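A.B. asks: Protein chains in written order, with our numbering: chain L, 4 to 459; chain R, 4 to 459.
Hints should not be assumed to be uniformly reliable.
Here are the simulated DSS-like cross-link-like pairs (lysine-lysine), alpha carbons at most 25 Å apart as the crow flies [what the hints assert, rightly or not]: (1) L:Lys39 to L:Lys309; (2) R:Lys39 to R:Lys51; (3) L:Lys51 to R:Lys106; (4) L:Lys51 to L:Lys39; (5) R:Lys219 to R:Lys271; (6) L:Lys228 to L:Lys104; (7) L:Lys51 to R:Lys459; (8) L:Lys30 to L:Lys309; (9) R:Lys39 to L:Lys228; (10) R:Lys106 to R:Lys271; (11) R:Lys343 to L:Lys228; (12) R:Lys51 to L:Lys433; (13) L:Lys136 to R:Lys39; (14) R:Lys152 to R:Lys136; (15) L:Lys270 to L:Lys228; (16) R:Lys101 to R:Lys152; (17) L:Lys314 to L:Lys104; (18) L:Lys433 to R:Lys433; (19) R:Lys347 to R:Lys433; (20) R:Lys343 to R:Lys270; (21) R:Lys270 to L:Lys39; (22) R:Lys309 to R:Lys343; (23) R:Lys51 to R:Lys101; (24) L:Lys433 to R:Lys270; (25) R:Lys51 to L:Lys228; (26) L:Lys39 to R:Lys343.
Simulated from the structure, these hints should not be mistaken for laboratory data. Note that the structure is predicted; figures quoted are calculated from it, not measured.
2 protein chains.
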Amino acid sequence: MKFLILLLAVLFVVQVAPAQSDEEMLKRIYDKALEKGESYEMLEFLSKEIGHRLSGSPQAAAAVEWTRQVMIAYGFDTVFLQPVMVPHWVRGEVETGKIVKSKIGTKDVNICALGNSIGTGSGGIRARVVEVKNFEELEALGSRNIADKIVFFNRPMDPTFIDTFSAYGGAVNQRGQGASRAAQLGAIGVVVRSMTLANDDVPHTGAMNYAPDVPKIPAVAISTKDADLLSSLLADDNNLEFFFETHSEMLPEVLSYNVIGEITGNKKPDEYLITGGHLDSWDVGDGSHDDGAGCIQSIEALRILKELGIKLNHSIRAVMFMNEENGLRGGRKYAELALKNNEKHIAAMESDRGGFIPRGFTMTTTDTNYETISSWMSLFEPYQANIFLRGGGGADIRPLGAQNTTLIGLYPDSQRYFDLHHSANDTFDKINKRELELGAAAIASMIYLIDTHGLK
Amino acid sequence: MKFLILLLAVLFVVQVAPAQSDEEMLKRIYDKALEKGESYEMLEFLSKEIGHRLSGSPQAAAAVEWTRQVMIAYGFDTVFLQPVMVPHWVRGEVETGKIVKSKIGTKDVNICALGNSIGTGSGGIRARVVEVKNFEELEALGSRNIADKIVFFNRPMDPTFIDTFSAYGGAVNQRGQGASRAAQLGAIGVVVRSMTLANDDVPHTGAMNYAPDVPKIPAVAISTKDADLLSSLLADDNNLEFFFETHSEMLPEVLSYNVIGEITGNKKPDEYLITGGHLDSWDVGDGSHDDGAGCIQSIEALRILKELGIKLNHSIRAVMFMNEENGLRGGRKYAELALKNNEKHIAAMESDRGGFIPRGFTMTTTDTNYETISSWMSLFEPYQANIFLRGGGGADIRPLGAQNTTLIGLYPDSQRYFDLHHSANDTFDKINKRELELGAAAIASMIYLIDTHGLK
């Protein structure tokens, strides 16, 4: 009789504590993120107390140590560093730009050296300006018109794209390759319209790269307002000149780190699901959206899964990649070590489109896995995060693609991103607490679903 | 032979200029809004040059005249005013709040009289404080505990709702009815936690109403941070007192206006499709999101349809409703005149949830019309504005519901709205140009589709 009562009691317990449905688990994850979220305070510390953190800078080192300590404090099972050599580019203290000899006389212009660019050195450079919209126009002008000039790349981002990343993709080659394309024709410097849809006075930096065997010439960005002004002044008088002085330079490489926090899996500890962002940022603003948000959301996603006491099958990692902005060394190193250490990576997520309201996910995977993941779309409908797009994922996780890892990108709304991207506008006051938290919840939910249901 | 060539030429012309598909028309509307939009500059003027504009204020009169002139300048076929008497509540110059006799001594607190509230008059009121979360707690305490006290309504908005309007709906009765509920039990004043999910120092106003035959007592809002502080101090010492002084008062009603711009229909000029917002705002901030955005988007929607040279079947109106915030007189007057003048209103839209990224539409209509409208959902998918929800529409258009008008609300993302709603935070710098423009495009697109395909 006693045994029967005990049995009934056991059965009763089992009955009242059934396995929770995916719907219920996602609701628990979202509630935790919105009611007891810690991402906002974490990001406030990273942004305000550490600040911007370009690869090789003391702040980047501080960010490595701080995120390591945060993940240890949260009690993740393992927290470790992956050493990686990174470029060490510095902006230098003085940046000066001027339109000179124009019909309005001399006008100071805010400039911002492009990342990886050489500087002009003291005295700066001054020359006539040739405005082009694209490389075809540049080539058509030829060295006869370009030699000894400053080339002004002024193709705006197309505002009619709804996803502003498409507009960025259509304009960014001016910034990346403009200097070497112009230098091949004898130009002595390059001025690039900022990659933004905003009409303001703030220049936006970002990586440029020198082609091999082409003379290196200095490159700077100017604001969209100044680009429009310069263009209209040139239309009246193409003899005007532009002056700029920068002292940026590439120093010897330095040792830095990816920072990794892991919660070890219960059933398949040697299979990994990772989520990350990049810890480095440009050396303007404080890198709150690009990509403090993605790092903190990744830590927060693991914290939430741990706090909810969810027994995970796979090992889960939050990865702070180093050096996305001007080298991608961290992302490459991570994939290299995953291969070397035989760590099977089922899926890798990245949040690197700002901490804005999440609209869904992008994904690079097989048709079969896309079908599996798409079957979860309705689970994200209550959270209005059910746009599932094929392609993409994130720059840092892309190298894992060669290991057949499913790549997933958090897909936040893109309308505000390029207003602040790579500029002094990217500061913590532009972060909305709920939007940031909803991103962390979306990431944690996607990890939970992949962990529970697996991929092929 | 000449005739044949002519005929072929005509056929060719007809062939290359077919009627444009809905997809093409929406693309043209969105392109116009994003490339050559004028909403941002319009709203900048309304917000910065006119500023906040509570019913009865000089600024409200200025806003009436300015929007009238703007719509005349855009060449709308008819622009006219609808006279309407509105309440004229004024805040008074001095607002002072203090926690007194607490364990931290005296602390100044930012307060903000609730709209329509009487003031305390000179000298203010000072009393012990009773904190409650809801009316049930209040009733349970009864007049024995409430008489001669200040009642502190401190139920937070629930952060776990994804649509923050649901969280607002779950908390706002404290603000609307709290004073009369407390006065019935003998309270002498009311302090209400601000209706916001943000954790900051800014109090949020908003309408309250006195129940008939209940003594009128003054009511103020305090910030969420101060509400949390007051609550924790009360937990230690329920003898502490709160002091506040306000000089708000209701003056005699004044004459104001709805402002209406119309583009007359080509086929059914006596059938109307309208889109609107409310022109009045609270007397804090500058009313950019609530609801300058909705007014300007409505004007912009008509401007876009006109500029694109679209021949509209029905008469289309942009309506700036007066007095949504503390009386709804404009919305009621509009419906009353529509009935009196036999103006058949097929559909009425309102944008009154801020100028944020549009996610879709809400609608109150018949099953048949919901089916028709839902069949257009995929047209909004490229613009990521394809959440179509039943119910709602907007406070100003609700009175038209009795005339079987389909009511539609623009449904922007709600995450940031209550951070600024009814507070000093609602200023133009919180407006994102593209988000505002996308809202105008969504409205113009919906009008176009209803005009083209009709409703039952």
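A.B. asks: Going through the numbered hints above, which ones does this structure break? Give me the numbers in ascending order.
C.D. replies: Of the numbered hints given earlier, those the structure breaks are 3, 5, 7, 10, 11, 15, 17, 19, 21, 22, 23, 24 and 26, listed in rising order.
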